[in-house]
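First to last, the protein sequences are chains A and B.
FYI, this note's numbering numbers position 185 of the first sequence as 185, with every residue one higher than the one before it.
FYI, this note's numbering numbers position 45 of the second sequence as 829, with every residue one higher than the one before it.
Treat the hints with care, since some could be wrong.
Mimicking EDC-like on lysine to aspartate or glutamate, the simulated pairs with C-alpha atoms at most 20 Å apart in a straight line are [what the hints assert, rightly or not]: (1) A:Lys565 / A:Glu616; (2) B:Lys929 / A:Asp720; (3) B:Lys929 / A:Glu718; (4) A:Lys178 / A:Asp306; (5) A:Lys36 / A:Asp154; (6) A:Lys28 / B:Glu874; (7) A:Lys36 / A:Asp306; (8) A:Lys36 / B:Glu814; (9) A:Lys17 / B:Glu874; (10) B:Lys929 / A:Glu713; (11) A:Lys651 / B:Glu874; (12) A:Lys19 / B:Glu878; (13) A:Lys601 / A:Glu575; (14) A:Lys36 / B:Glu861; (15) A:Lys17 / B:Glu907; (16) A:Lys57 / A:Asp34; (17) A:Lys28 / B:Glu864; (18) B:Lys929 / B:Asp904; (19) A:Lys587 / A:Asp564; (20) A:Lys28 / B:Asp866; (21) A:Lys772 / A:Asp642; (22) A:Lys651 / A:Glu718; (23) A:Lys28 / B:Glu814; (24) A:Lys142 / A:Asp187; (25) A:Lys19 / B:Asp904; (26) A:Lys19 / B:Glu864; (27) A:Lys19 / B:Glu861; (28) A:Lys28 / B:Glu861; (29) A:Lys651 / B:Glu907; (30) A:Lys392 / A:Asp181; (31) A:Lys28 / B:Glu878; (32) A:Lys651 / A:Glu778; (33) A:Lys17 / B:Glu864.
Just the calculated beta-carbon pair ranges, DEER-fashion [as the list claims (entries may be wrong)]: (34) A:Thr762 / B:Gly941: 30 to 36 Å; (35) B:Pro797 / A:Ala121: 27 to 33 Å; (36) B:Gly941 / A:Glu575: 55 to 61 Å; (37) A:Gln699 / B:Gly839: 34 to 40 Å; (38) A:Glu116 / B:Pro797: 24 to 30 Å; (39) A:Lys36 / B:Thr792: 21 to 27 Å; (40) A:Gly82 / B:Pro797: 51 to 57 Å.
Just so you know, these hints were derived from the structure itself, not from any lab.
Beta carbons: idealized from backbone N, C-alpha and C, even for Gly.
Listed below are the residues making up each chain.
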Amino acid sequence: MSTTGTSTIGGMGHRVKRKEDPRFLRGKGNYVDDIKLPGMLYMDIVRSPYAHANITKIDASKALAIPGVLAVVTGKDLDAAGLAWMPTLMSDKQMVLPVDRVVYQAQEVAAVIATERYIAADAIAQVEVEYDPLPPVIDPFKAMEADAPLVRPDREQKTNHIWHWEAGDAAKTDEAFKQADVVVKQDLYIPRIHVASIETCGCVASFDRVAGKLTVYMTTQAPHAIRTVFSLVTGIPEHKIRIISPDIGGGFGGKVPVYPGYVVACVASLQTGHPVKWIEDRSENLQADSFARDYHISAELAANNDGTMKALRVKTLADHGAFDAAANPSKFPAGLFSVITGSYGLEAAHVAVDGVYTNKPSGGVAYRCSFRVTEAVHTIERMVDTLAQQLKMDPADVRMKNFIPPEAFPYKSATGWEYDSGNYPAALRKAMEKIDYAGLRKEQAEKRAKGELMGIGISTFTEIVGAGPSHTFDILGIKMFDSCEIRVHPTGSVIARIGVQSQGQGHETTFAQIVAEELGLPVENITVEHGDTDTAPYGLGTYASRSTPTAGAATAVAARKIRDKARKIAAHLLEANPDDLEWQDYKFQVKGTPGRSVGMKEIAFAAYTNFPSDVEAGLEAVDYYDPPNMTFPFGAYICVVDIDRGTGQVKIRRFVAVDDCGNIINPMIVDGQIHGGLTMGMAPALLEAITYDENGNMQQGTFMEYLLPTAMETPAWETDKTVTPSPHHPFGAKGVGESATVGAPPAIANAVVDALSHLGVTHVDIPFTPWKIYAILEEHGVAE
Amino acid sequence: MTQHVKLTLNGQPVEADIEPRLLLVHFIREVANLTGTHIGCDTTSCGACTVQINGVPSKSCTLFAVQVDGADIRTVEGLEQDGQLSPIQEGFFEEHGLQCGFCTPGMMMTAEAFLRDHPDPSEAEIRQAISGNLCRCTGYVNIVKSIQHAALRMREGQAAPQEAPVTAEAPR
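Put together the whole structure using the sequences plus the hints.
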């Protein structure tokens, strides 16, 4: 793909400054909590103090007596309307409000509707709820025991086991293990974490009784799918529902699910005829919204003594909380976890995952990660290092030895994925050169001799993004295509509307660049709109790094449809045969006659003023793009850590990230995505984890306990790239938004274990908090 | 029970009868209708609500509006002057210092006040200065560059009058 766009066009490969920024820089963004409608009411939510309890009584009389309180909505009210439960994306159902039982702490119990925000907050304290506590199920392993209390007695199956899922070839894997010289085994826990976007979730639901239309301004990453689900659940005709996803203050997967608050706010607006605003506070967001990870993994890797990897066997217990409300494509209860063979050519692999209910909020949403890929990458990248340590080989050598060779693409993995393209050795070599790997190993040896703890960690990951081909991927039956509609106006400016939705990714800029490149019109004359279901074409939304692979492709294809029509108009204007024209330097020219050419601006004008008789007026097109395959971005990361023997603190001294996401639309934006992704990769490695006590009390309910990285812990990330285009994407791009979140944690983990390996340490689970590391230092007699 | 407050907001006098418990951030967002100041955590941790109170960056989610009666408050809406982006806004634009934009107003209010006292800061000083402002999108790399860009612009802006040739009559 060319990156020859001139600066006046601002097409592919240009560092075009963002179109979104002028409003954000002036405080003129339009986030959900900024929306104020006439007569708007406010909703606040009563939440359960218990993780597991029967509700014996709800008395709202004191709350209703407060001036300004209009209604208290309970599960019984919703039940009467058939709305006490709603479907999840994973063939499960979840409570909107409970009728008689709560199943996690901070679960929504009732909602107060009042004229003012503060009155609603006053009133929730006056809703009297009587509970009869039940024994909670917190440990997922105990949940699987026969005598465990039942989290979900509403189900036919009277166990806490949700599903069993597997991929790969068990027999072939067993056979490969038998023939291997060496088997390394490691248990890993990937803790429960929370995306904690700086903007919490919320909505303004506004039901117009005259028009019979429900408009919902909503913090959602998938407005179209939400509209369809709302219509199916409530019975409101779909054309009478409008979902608007305005400016969104970060998504990262946490704004994919439908939370009870959204639904109750809609019901409250239907009941009162007033707009109803609901905005979570941070504690509600951290305690009750869906969580990521929480995988208990047991992995075995078989290899020969020379370091040749042969097979991988993985068993996992997945803690899904009280409802299986994971945000995965419907056929993938464990997401894309089976991409776990990573960048390596294994003979065989087998993966099994069991989902289990516990008395916690729903798990299984992403944390800036494409459907469980982070868990997979962490496992394989740790196992490669475990093998290297066992065989006393350099982890870089083991990787080089086992990489899928560049000439083997497209490559069919042992678990059935077809990797589109890759050049793994090139990326690792680049990272090693950039960081001076040999020099670092020398320095490490010197430091070790002095008793200092320095570690070097490598991660050479493969991502799988861009769901997806419709034969494999759907959400509640809706195929995971995506879309773009482009209209070229008579004067040569453009509006493009896309089925995906930005939460900071800069779609208004990058999608305009795609159109600019394809049509040869300047990027500043192209407006991109998204997020309003009344105007944008249907799409599945932005998550799992799918925008560029799917809607980006749709944008290019729609633009090419316009170009096809433009060719006929150009032929008319140039008095030539369409077949005699070529698209060159953003213009149609008569082949071999550069002087006879016409640009898209003139063609656009002609499309409305002077078009040939056999061509329709106008210049617009729409495309619904069904990708033939996923895209497989990859990268090579190297991390250097120093561990303070006096405090146990892990400090990232350097981190080099070489990423390959194929052809790049806007290098400035890709760099920004990688910086942010690396930071959200570092966060669970060093700081973030959600834990519960034995009663199911969540222990990180504010930002004073749940520690997000600040500028102090975050290193100055060093980024670089290789470019291996996707062979099947219209402009050779792959998704990139989550690569770094997926790739960074094992680089840090491998560095920490490497720093301690000479002491006999073979594994430490993330996060590497100072107290955890200090305990290890004490255990090995090296604490200061 | 209400209390009367009168303060200056971005150079304009604002007064209102308010509940004593009204948080400053809600006063700014819902009484004065300036929604550029955001709420991210309620515990003074994230800094999305940072405004300048008498020039000092302060988190408006844990202050009552009545506590700042008479104060001079500046919010993100007060940065732009005469249609010109301020150096800090220009820095964030040029260096791609924002993605979702939610933390950006608070981040800029902190950084701008910091640069007034530290015209030529080191990277470590910048990182320390913004450590009370959380950003989930950018990984801070480009925010640091944005602040460095603004520092340079502000130094140039201040240096200009000194370097300007003296054309007025010599002082007597």
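Practice item. Sort out which numbered hints this structure fails and list those numbers smallest first. Key: Numbers 5, 7, 11, 15, 16, 25 and 34 - these are the hints that the structure violates, sorted from lowest upward.
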